[in-house]
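Could you put together the complete structure from these sequences and hints?
Protein sequences appear in the order of chains A and B. Okay, so the first sequence: first residue is 1 according to my numbering, each after it adds one. Okay, so the second sequence: first residue is 229 according to my numbering, each after it adds one.
Hints were generated in silico from the structure; no laboratory data involved. The structure displayed is predicted, hence computed values, not measured ones. Ideal placement from N, C-alpha and C gives every residue a C-beta, glycine not left out. Only true hints are included.
Incomplete in silico selection of chain A near chain B, CB under 10 Å:
id, residue
1, Lys125
2, Arg174
3, Asp185
4, Thr190
5, Thr199
6, Val200
7, Leu210
8, Val213
9, Asp214
So you can see what is in the structure, the chains are spelled out below.
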Amino acid sequence: MQELQQQAYGVDILQIMDATSSMAPVIDVAKQQAIGFYPKLLAALGAKGKTVGRVRVGVLVYRDVYCDGDRAFEQSAFFELPAQQAEYEAYVRQIEPLGGGDEPESGLEAVGIALKAPWATNIAKQRHIVVLHTDASAHPLEKAQGARPANYPAGLPTSFSGLTDLWSSQNLNRESKRLLLFAPDAYPWTDIATHWENTVHYPSRAGEGLSEVDAETMLDAIVHSIKN
Amino acid sequence: MTTTTTSSAGARMDRRALAACSFNEAKIPDKGEDADPLAHIEDDKVAFLGVFDGLGGSGCLRCGGADGVHTSAYYGARVARASTEAFLRRTAAFADVTPDALAAVLTEHLAEDLRAYDARWGAVASSALRSTLFRRLPTTAAVAIVRPRRDTARVQLLWAGDSRCYTLSPSRGLQQLTVDHLRSPGDAFASLAGDSSISNCISADEAFHIAGVEVELPTPCVVLAATDGCFGYVLTPMHFEALLLDALMNTRSIARWLEDVRRRIAAIAADDASLTALTVGWSRHGALRRAFVERARFLNETYIAPLAAVDGAAARVELWRHYAPTYEALLPTEVVCTTR
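Put into structure tokens, the structure is as follows:
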């Protein structure tokens, strides 16, 4: 008897990494977190008997759009795993911490760019996971209403509430999306954790590891449907 | 684990014969977030059954308790089960209480017991994580109170979330009795492909409501309560009924029937699964099995075999549309809800 429902999951992960010079002491740890994330996720999905049909991972590097010119944002395509595992790891390992200027960086612009990435939407059971690694706060999006740099990304929300609306929109399915923040307890990350749905925030310095329990908890929050 | 309860009272009157059985299949041993089902036969006048499914996504923070540190969902389901059982044992004798009154009082009991448990144990395992996803002790509940009468059974249903109560009868097959509390509601067939979040679940820190309705079922029949791990991984709702009936046809006792159901579900489910069944009106398992022979044949010839021969999305949709009117005939259109 055909009893088995087709339940294969499609998983898209986008790793957003702050690659300003302040990240230099911890960038290698952040890189390892980024590389090691998806095997742990697959293991957690497998332990619950959830079949994964397709895994893609992309990388978005950001610095400071107000002083880092063309190096402010660097984005890869989505790598298909496991076939492109080597290319993915090579891309992550070549990330160079530099620039950054003052302490707030362009994390909110990076989130906006990430939400507009070419996410897969043709699979019924999906996970769209954005993972952000930073040690700094972020420039308000409203700052670009003043002197906007020539390299400022086009099409981004002009305010935090606009970015909030983008996260809440049907651009990414409510059931599928997750945002994981490895970020300090500072603007805007605390605000995002308080007000955005499907978000988990680990208030930390980037590179600081999760406890084993919190790592399991974070994976549970992703693996389980919101309903179970 | 499969547990069985049978009534000794009532055997003299066949229509009131009651037997209950249940199982709880944890996907990961010792970490299952479904509580052991409720299956209690008070006497030949009343029985109750229920299932409780801890929500692992929103209930993933760790929590303390008698079993050590587990997820909040793990304990949410168990606290809700204990609270509900205590409530039902006190109220079962009062046959005239309406479902809305039961729902209102049960809501208060659950809220109070969950808050008390959270206050006592919730901070045992602290976490640095912050999230709007997290809930304290979140769980579903689906409960049926069954009172056999001469040729019918009066069934009161209390629930929150997407665990379900059903009835299974020789003449009408499987019929769903409760409506899933989902943000993106759909019928039982659409829900198999979807991944909707729950719109109403029991928890210690958010408002919730227990829905309550009453239905009169012709007897003999089977009343079931099941978590979504049981019915969420089959190809169509017809296949869930076929799973139940195939197991029934091949077993010689209610305990072996549920054990076979458990085994079949464990082979396909990517989730914890728990189910409890109460047979009403059969004093012998052989009579129960024989009563469903024709239904099992009809189900196979009309739905299962055709899908096995020509499977595809269009065929499933067409046959579901044929099956649905009877399957959905007892779904409540008006539901009494009480918000905490």
